[in-house]
Amino acid sequence: MSTDRLSVLKTYKLYMGGKFPRSESGRVYEVTDSKGNWLANAPRSSRKDARNAVVAARKAFGGWSGATAYNRGQVLYRVAEMLEGRRDQFTAEVAAAEGLSRAKAAAQVDAAVDRWVWYAGWSDKIAQVAGGANPVAGPYFNLSTPEPTGVVAVIAPAGSSLLGLVSVVAPVIVTGNTAVVVADEFAPLPALSLAEVLATSDVPGGVVNVLSGSAAEVGAPLAAHRDVNAVDLAGAAGDTGLATELEVAAADNLKRVLRPAATDWAADPGTGRMLAFLETKTVWHPTGGLGAAGSSY
Amino acid sequence: MTHDATHPSGSPAAPAGLFTYAPAPESRAVVDIAPSYGLFVDGEFREAADGSVMTTLSPATEEKLSEVAHAGEADVDAAVRAARTAFTGWSALPGAERAKYLFRIARIIQERSRELAVLETLDNGKPIKESRDADLPLVAAHFFYYAGWADKLEHAGFGPAPRPVGVAAQVIPWNFPLLMLAWKVAPALACGNTVVLKPAETTPLSALFFADICRQAGLPRGVVNILTGDGATGAALVGHEGVDKVAFTGSTAVGKEIARTVAGTDKRLTLELGGKGANIVFDDAPLDQAVEGIVNGVFFNQGQVCCAGSRLLVQESVHDELLTALQRRLRTLRVGDPLDKNTDVGAINSAEQLARITELADSGEAEGARRWTAPCDLPSQGYWFAPTLFLGVSQAHRVAREEIFGPVLSVLTFRTPEEAVAKANNTPYGLSAGVWTEKGSRILAVSERLRAGVVWANTFNKFDPTSPFGGYRESGFGREGGRHGLEAYLEH
Amino acid sequence: MTVGYARRYAPLVTMPPSAAPALADVTASDAALRRFLHGLPGVDAVGLDARAAALGTRSIKTTAKAYAIDLAISMIDLTTLEGADTAGKVRSLCAKGRHPDPSDRTAPSPAAVCVYPDMVPVAREALAGSGVLVASVATAFPAGRAPLEVKLADVRAAVAAGADEIDMVIDRGAFLSGRYLKVFEEIAAVRENCARVGGGAARLKVIFENGELATYDNVRRASWLAMLAGADFIKTSTGKVAVNATPSNTLVMLEAVRDFRDATGHQIGVKPAGGIRTTKDALTYLVMVNETLGDDWLSPHWFRFGASGLLNDLLMQRQKLSSGRYSGPDYVTVD
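Protein chains in written order, with our numbering: chain A, 1 to 297; chain B, 1001 to 1492; chain C, 2001 to 2335.
Because the hints were derived from the structure by calculation, they are not lab data.
All values derive from a computational prediction rather than experimental measurement.
For each residue, glycine too, the CB sits at the ideal point set by N, CA and C.
Treat each hint with caution, since some may be false.
Have a look at the derived ranges for each label pair, beta carbon to beta carbon [as the list claims (entries may be wrong)]:
1. A:W38 - B:G1095: 52 to 62 Å
2. B:G1440 - A:G159: 28 to 38 Å
3. A:K10 - B:E1316: 30 to 40 Å
4. A:P204 - B:T1416: 25 to 35 Å
5. A:R226 - B:A1096: 19 to 29 Å
6. A:D33 - B:R1260: 47 to 57 Å
7. B:S1441 - A:D227: 24 to 34 Å
8. A:G241 - B:W1372: 32 to 42 Å
9. B:G1051 - A:F186: 56 to 66 Å
10. B:R1163 - A:A266: 18 to 28 Å
11. B:G1095 - A:K10: 56 to 66 Å
12. C:G2056 - B:E1438: 18 to 28 Å
Computed list of chain A residues with no C-beta within reach of chain B, every gap over 12 Å [as the list claims (entries may be wrong)]:
13. P21
14. T32
15. R47
16. G73
17. R78
18. G85
19. D110
20. W118
21. L143
22. F186
23. S201
24. A216
25. N253
26. R259
27. E279
28. K281
Quick list of in silico lysine-lysine cross-link-like pairs, DSS-like style, CA-CA up to 27 Å [as the list claims (entries may be wrong)]:
29. C:K2320 - C:K2061
30. C:K2240 - B:K1341
31. C:K2182 - C:K2240
32. C:K2061 - C:K2089
33. B:K1341 - C:K2061
34. A:K59 - B:K1341
35. A:K125 - B:K1341
36. B:K1341 - C:K2280
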């Protein structure tokens, strides 16, 4: 009889409104490593889970978008700190999920941490880069400011379970959007663990909501949902049928759509993923003169 | 085309008094409209492949102005091919050379601005005062503005070496025919794209005159192609596989259809769609200017403006005072002959649009809102709708929810700033909003909370080529104007 | 404004006995007056300028132009206010007032001839029986920097000499330093001194010198202040500073008299003065009157132009309308 200690397994759950519920459907599916070994049973999210996640995201939008940019930057930096602290756990999960060596997986985790830090720093800079004063030909003050578009449904990329995930979630929320994230169906565990990091990092509940399951099953109601403002279809890369279906559904309320594209998640991401989910608001106000005055007696 | 066609007789209607303005018609002789026009493809005018034509009318008189070709799929294909062929050379030109073409175009527009203003007024029905003082100056300014960008794109914030997208399919509405053309064509060309543009079915003429301006400017053939036609023409253009970029301004319903059409393709898309703008007047507003802003907000261009301030949200404590002043002001509006220099409100663009306005206005009455119409005599010929208010409107009325796109203002009230913002945002649209208050902090707080792409504070319906324009939510996506307007036409 | 405005302000508005009943609260103290004047709706300068400019684009042709030219002529306060004025100069101007266009006796006469107080007797005699009124600036015009008693004596002298109308200047120093009650009381005192021995009174025009008040908000406040104090007319300026009447500052005053009548039932006249030189200028002002106030103010009793050179330009345009040929300065009289 072995004296090895039997480990305690983690039950992976969804993340919604700052809480960790099971799927309301009660369904789970087997998640395996790259060699087919069982890792965990992940919740298989339903349409109703998607709906509940949108409600949570909408509820969180006012507070998160209304927070100061400095505050959002602080919160996101805190996420990086917490992620760094769980480096070993994520290295193991990424290694298992993506079939990477421990060293390569660790490099992915490091890159993911660095990406959080990079995006965190954008919180109070993007408005200066993307907005500004417009020199209109008249006596008006005119200022364009980027604003978050609202609730963004994110279909996380397949095959990059943490770095890819972070690379699509951070740019959405750093500017004040809230997100409903559909994790990579076949490698959802890093995403579900990331939720635990978010929950302990001062990120208000509902700012990020994480669903595991089928992108097709959960993506469809999200893309069609009238209280969702935008969709990032990163995870539909390679599935033209799904991408098209979701884009068509998104047209119903004219969501902003970021189409899937072949992406090197390790490369410099640029500002594109932030700009895709920003609206430009332009405010005009008359200036006028000070009033001509003077006497010539 | 003869120049002796009839105008609505007499001066624009306004209540008769001691000082009655005599008719002051702008001369129509300044514009020479040909009896028929072809499509402008690859630098030449040609008939539609199947020879079909359509007629364009003066909405003020229902007089036939001209016959224009009706482009079909074969013509769309030819135009897209011409644009594709031209793209190679045009995109390879140094930016400074593209800039000079655009500067030429801007200058020629200025030179011909009176002619174009009269043409626009004839084809669209808008007052000459507006086409002369608003549309045409903005058209020229837009080309000037984007001309200057053509050789500075690497500094625009879209990467060190931004490239053009390719062939742009552009479909524009009838409310500001030439201005919407400028908003589409100027940034596209500046960025090195070539275009196929389809003007609206009821207002094709100024785009065809623009084709002539391109020829005068020596623009290489195929860089700008103009296809006149109807909705089917637009659909064929948007759906053509040779198109890299689609830009549409028009109704939200068609915008959604286009979004579905381009789904799953690599075509880039920007949409500038409808609106139901709220114009919020607080009790500490500069009231006389607010009245002017309300009038300008919903009666400019007969209210046929996507960013019109068609919902007046007035603080209850100042409602009676403001409404009395507004009604007094509306009694002085001069409705009639668009070519008369004193006309404030011209003709509705088409019988179809008039029917839509009429139906929605009737629904307002049926749903119990109080209708008030400015006293004015409308001409017997043409398409007319008197400036109209609906009082006692709630958010549940159709006239408060649906875009009327006509000279109809729905008046609602609110009690607190919070309520004003909530009501203003309570719409699927998000294009424009107005805020009137002398309190600076309230302007900033309310502006920040409004979900609209353009907020006019203590002013309304101001436009400038440097100022980005576009909507939130179902008012579309993408911005036109300013540095932001370049993004739609650059790969980055 | 109108009914709502009246409801809002009527309880506050207190009128001099001559103008309206129930003067009490608003002018009871400097503080009350300040609260009232600063509670008036603000003026957005850019919006105001845009509205004035838009009205300036009205195209007044043919019959409308003929009507407006004659109306404008009839509204002129033909003015000479020079240190070098002599009896001869004033008589010459009065002769022009009697017969503005010697070649066309159908040309209407201006409303009044406006002179310094010492020239009132000359003007009175020269205009006797003509129907042209005599207006006189008083109150140490144009600066108004004299003790109140001196100003009132100035007024009394002009009235006694036969002035039909008195154009006074307000104390801009007091206004700009917030002593509104002082301005109010001075206007009221001048008004009392406009009374004629034996009954009746000269009509009182109150000049703000908008160019010194500088902001449109101040022009609106000055308008209400003067109307509350019993002005018969409010007038933009003396014509002696850099900024005189402009379409914008006149429009603020037109709005003020409109709102004042709605609030109190009392109609007050408006007189832009200084810088109005051409027929086109005059037509712009008449369009503003027409579209802001309407028929009730389209008469010399309620609207005036303070001008001198304007008359000849109107006459030349009048000749052009009747002859079809452009006229020239040799065909109008220089007086």
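Structure-based check of all given hints:
1. A:W38 - B:G1095: 52 to 62 Å: Given range 52 to 62 Å: holds, Cβ gap about 59 Å.
2. B:G1440 - A:G159: 28 to 38 Å: At 52 Å between Cβs, range violated.
3. A:K10 - B:E1316: 30 to 40 Å: Taking Cβ atoms as reference, K10 of chain A and E1316 of chain B lie about 57 Å apart, which means the hint is violated.
4. A:P204 - B:T1416: 25 to 35 Å: Cβ of P204 of chain A to Cβ of T1416 of chain B: about 26 Å, so the range 25 to 35 Å holds.
5. A:R226 - B:A1096: 19 to 29 Å: Check failed, 47 Å falls outside 19 to 29 Å.
6. A:D33 - B:R1260: 47 to 57 Å: Given a distance of about 40 Å, which is not inside 47 to 57 Å, the answer is violated.
7. B:S1441 - A:D227: 24 to 34 Å: holds (30 Å)
8. A:G241 - B:W1372: 32 to 42 Å: violated (54 Å)
9. B:G1051 - A:F186: 56 to 66 Å: For G1051 of chain B and F186 of chain A the Cβ distance comes to about 58 Å; the hint holds.
10. B:R1163 - A:A266: 18 to 28 Å: holds (24 Å)
11. B:G1095 - A:K10: 56 to 66 Å: Holds, at about 57 Å.
12. C:G2056 - B:E1438: 18 to 28 Å: holds (26 Å)
13. P21: holds (29 Å)
14. T32: The claim holds: T32 of chain A sits with its nearest Cβ about 31 Å from chain B, beyond 12 Å.
15. R47: holds (21 Å)
16. G73: With a cut-off of 12 Å, G73 of chain A remains clear of chain B, as the shortest Cβ separation is near 19 Å.
17. R78: Given a closest Cβ separation of 26 Å, the condition holds.
18. G85: G85 of chain A is indeed farther than 12 Å from all Cβ atoms of chain B, at 36 Å.
19. D110: holds (27 Å)
20. W118: holds (18 Å)
21. L143: violated (9 Å)
22. F186: Fine: 23 Å to the nearest Cβ keeps F186 of chain A off the interface.
23. S201: holds (27 Å)
24. A216: With a cut-off of 12 Å, A216 of chain A remains clear of chain B, as the shortest Cβ separation is near 15 Å.
25. N253: violated (6 Å)
26. R259: Contrary to the label, R259 of chain A does not stay out of reach of chain B, its closest Cβ about 8 Å off (not over 12 Å).
27. E279: Given that some Cβ of chain B is not farther than 12 Å from that of E279 of chain A, nearest at about 5 Å, it is violated.
28. K281: About 6 Å separates K281 of chain A from the closest Cβ of chain B, which leaves it inside 12 Å; violated.
29. C:K2320 - C:K2061: Roughly 12 Å separates the two Cα atoms, so the pair holds.
30. C:K2240 - B:K1341: violated (36 Å)
31. C:K2182 - C:K2240: holds (24 Å)
32. C:K2061 - C:K2089: Not satisfied, since the Cα-Cα distance of roughly 35 Å exceeds 27 Å.
33. B:K1341 - C:K2061: holds (11 Å)
34. A:K59 - B:K1341: violated (53 Å)
35. A:K125 - B:K1341: Roughly 49 Å between the alpha carbons, so the hint for K125 of chain A and K1341 of chain B is violated.
36. B:K1341 - C:K2280: Holds: K1341 of chain B and K2280 of chain C sit about 16 Å apart, inside 27 Å.
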